[in-house]
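Peer 1: Letter by letter, the chains look like this.
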Amino acid sequence: MKFDSSIANLLLAFLCFALAQPAHAQNKLGATELNVPARLVAESQQVQAGQSVTLAFVMEPKPTWHGYWENPGDAGIGMSFDWDLPAGVTAGKPQFPVPDTLLISGIMNYIYKGDYAVLVNIVVSENTPLGNLPISVKSEWLACTEEICVPEQDELSITLQVVGQDAAVSLNNAFNEYRAALPRPLGSQATFSASNDVFRLSIPLPASVDVESPYFYIKEDGIVDYAAEQKVNRDGDRLIIETTARGDSLEKISGVLKIGHKSGFSLDAAKGDVVMAGTPVGGGGDGNFTGGDDPNNTSLLFLALGGAIVGGLLLNLMPCVFPILSLKAISLAKAGGDETVVRRDALAYTAGVVIVATALGAILLGLRASGAAVGWAFQLQDPRIIFVLLALVTAIAFNLAGMFELPNISMGSKLTEKEGPAGSFWTGALAAFVATPCTGPFMAAALGATIILPPIAALLIFAGLGIGLALPFLLIAFVPAIRKRLPKPGAWLDSFRKIMAIPMFLTAIGLIWLLGRQIGTDALSLTLMFMLGIALLLWWYGAGQLKGAARGLATTGAILIAIVGGIFALPNDEQMTVQQQAVAATETLPSEPFSETRLAELRAANQPVFAYFTADWCITCKANEAAAVQRQETADAFEAGNIAVLMGDWTRPDPVISKFLEKHGRAGVPLYLYYAPGQEPVILPQILTVGTLTDLVNSRAETTDTL
Amino acid sequence: MRNLTLIPTLAVTAVALASPLAAAQKNGTIAQDFKLTDATGKTVQLSKFRGKNIVLEWHNPGCPFVRKHYDSGNMQATQAAARKKGTIWLTINSGAKGKQGHMTGPEATALLKEQSSKPTHYLLDMKGVVGKAYSAKTTPHMYIINKSGKLVYQGGIDDKPTANKAHIAGARNHVIAALNELNSGKKVSVASSRPYGCSVKYAR
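As you go down the protein sequences, you meet chains A and B in turn.
Residue numbers for the first sequence follow the working numbering, beginning at 1 and rising by one.
Residue numbers for the second sequence follow the working numbering, beginning at 1 and rising by one.
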């Protein structure tokens, strides 16, 4: 039986191979029996002499089939190109999109599963005559499933038109997507070491850039063991990768750092010393991730848990939490005589804190899992939540200041003052919710660990944060000695309570600032009108309390209406984008977003223009901005010289900027351009100084003089 | 027949796991010893060939890259050149049962006859133990062991990593070159190269 099935398999394999051979002759005629068929597409049919045009090999693997990256990994073959080009036409190096890993029985393959496009720039020389430009290429590539491989080849051709300098060139928009899948040049050089079977790579990457299971694809063979796991650490503005070395024969290597789905950076690295430092980030590559039973993860869990508990403890001192807590602590002490009541209240409080902290954590993990880039205090990215929090904090502040008292029977946030365990529970819930904006910086490390831990362990960290926050209460409740040391309530408590209104008001001001940055001053003023309304309502309510009038129901209703109204009055997303640009404008050197239209307008108006292209992940860009661009001297000089500033942000792939960079011979950022009126742009050096920029104004003054 | 082959395979498992894998595949170190059953059911042990140069060739008859070298006669010619100088040639199939290219003894014997392939032995390594000990990644993947049992070459058969027969003529055959150097007492000038081909179809 086994004999037969083996023969059948063998025959099948031979058959696949046999079928693949005549495919070459047929697919030129348009048949599509290739497993990874290729199409040759041009970004534009027309090209001007002296310009370049981008061609794409659009590869469309059939289900279960894959094609290979330029370095295929342990097995497989990269793609080859044998061009047949008219005189004066040259083809550039093929550009491959960011690949995926496929590990089969310990053999690593660098592949593409879905459709992908390999781009090649074709340069047409100045003296190419107008008319047809036939381009033809013989290409070979390997198509594989997880079981078998078939070498495939095709002869692809396309005829372009060389057109005059004034002729319109229409672009194929599909190329925007193709380009977005390419790795973007990192701009700064990395360092690698390979010795004693250990390969390390240190990549400059700002700490603020999010990475998701990073993996380094090396282009050169014989340096790393492809199938070995890649350990990735972050150490400040560096990302360090460690894996098994295979050899150390090269002084320079290159490759692609993948940081997310179809997203990565191409980089070069020179040999040097690299030590492993920093903190680990998620396991490298698909399928290399080890679960919670890994001993490293277990110690990480304890470390992070400890950090979370200490962090939670410190949160008690934060201005947004301390007032609520101190009063609650004294009220606990008030009940001093009855041990069981105190303990019951403290446990209820702890439950409230832990449940809210864990719930916020669960929502955070859920959002992350769904792909949103969110961090702790993510709820503060939504102005509606800030608004509700602001209303709550303001009301608490006015309450502490003594403008009104909370009745014992009420609903909603007033539950916090309710006697008994329910009241304590809600105080805890409120404290945890209000405390989140105040997470200390070292808490960030503990919370960062939640990203690489399995969900259950991550939730444990959030619970630890809650336990830390509740710890003082547990101590007061369960250690009578501490409770005895608390001051006895008395007349001073009323003054203390009023003083505690100050940090609460400060918290409110902090939230107003945060809200203002998000929604702008116009919308903020409207929001503050609503806040005034709420304050007046509370005042009226408090005055009623003094007179013994029952205004509770009316006030609750009116405040709810005010809050809902306030939420609806908040600006929408579009206005917020405008606002974010306005925030950018408050930088030392204000800039407008880059567009070719705006550049053309300014040039037409004979205004000098400084255009710079940056990205949040580009460390050279950030260094230049801090050292030279965003400097008062530069801003003053530019203002004096009436230089307009355009800023292109390439943090997310932007086809307009990609094309513009390409036009200037750059594959990536930074790029600094200066356009003197009526002159060709000058490309400024990649390392800027204040002098380089201020000299632009001075040299301009000189040229004006000579005119 | 099948049960008989199982015993040496288990013995090999023990041998291969006894030393670290990485050390076994470094040039200049003593090549990892192993015992495998050949297509005729005979047990073959590597160390028994000490005193002769040995070529190891990883094989998968369904792989287009292997077929490139057999259909063109290039591999048979390389075998003949090796045989002439008394070199032992061990073709090893690490394809797992049910995977592409897996062969039983009789199938392998028939194939060798059909292709006029004349290795000293055609070895069956369906559990992939020897393949993994040598970190054999592709078919073909070539290794050369010198007379004192040291690994002196590992990599591809030549320097043209394609499946196209037309590329054989202009290629440098690393195996023939290395054997010539060994036989004239020289150091192997190209001691490693990138192996190319299909991945070895190991059992998971």
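It is worth saying that the hints were derived from the structure and are not from the lab.
Certain hints may be false.
Subject to a maximum C-alpha distance of 30 angstroms in a straight line, what follows is the list of computed DSS-like cross-link-like pairs (lysine-lysine) [stated by the list, open to error]:
(1) A:K547 <-> A:K262
(2) B:K147 <-> A:K219
(3) A:K62 <-> B:K97
(4) B:K84 <-> A:K271
(5) B:K160 <-> A:K93
(6) B:K165 <-> A:K113
(7) B:K150 <-> A:K93
(8) B:K42 <-> B:K165
(9) B:K160 <-> A:K252
(10) B:K187 <-> A:K219
(11) A:K262 <-> A:K113
(12) A:K138 <-> B:K187
(13) A:K231 <-> A:K138
(14) B:K52 <-> A:K252
(15) B:K26 <-> A:K231
(16) B:K113 <-> A:K219
(17) B:K127 <-> B:K186
(18) B:K84 <-> A:K62
(19) B:K160 <-> A:K113
(20) B:K26 <-> B:K52
(21) A:K252 <-> B:K187
(22) A:K262 <-> A:K231
(23) B:K118 <-> B:K84
(24) A:K271 <-> B:K113
(25) B:K165 <-> A:K219
(26) A:K113 <-> B:K127
(27) B:K113 <-> B:K26
(28) A:K62 <-> B:K165
(29) B:K118 <-> B:K186
(30) A:K113 <-> B:K97
(31) A:K271 <-> B:K127
(32) B:K165 <-> A:K138
(33) B:K127 <-> B:K113
Partial list, computed: chain B residues near chain A (C-beta under 7 angstroms) [to be verified]:
(34) F49
(35) A80
(36) T138
(37) K165
Every residue, glycine too, gets a C-beta built ideally from N, C-alpha and C.
Peer 1: Tell me the hint numbers this structure goes against, listed in increasing order.
Peer 2: Hints 1, 2, 4, 7, 8, 12, 13, 14, 16, 17, 18, 24, 27, 31, 34, 35 and 37 are the ones this structure does not satisfy, whereas the remaining hints hold.
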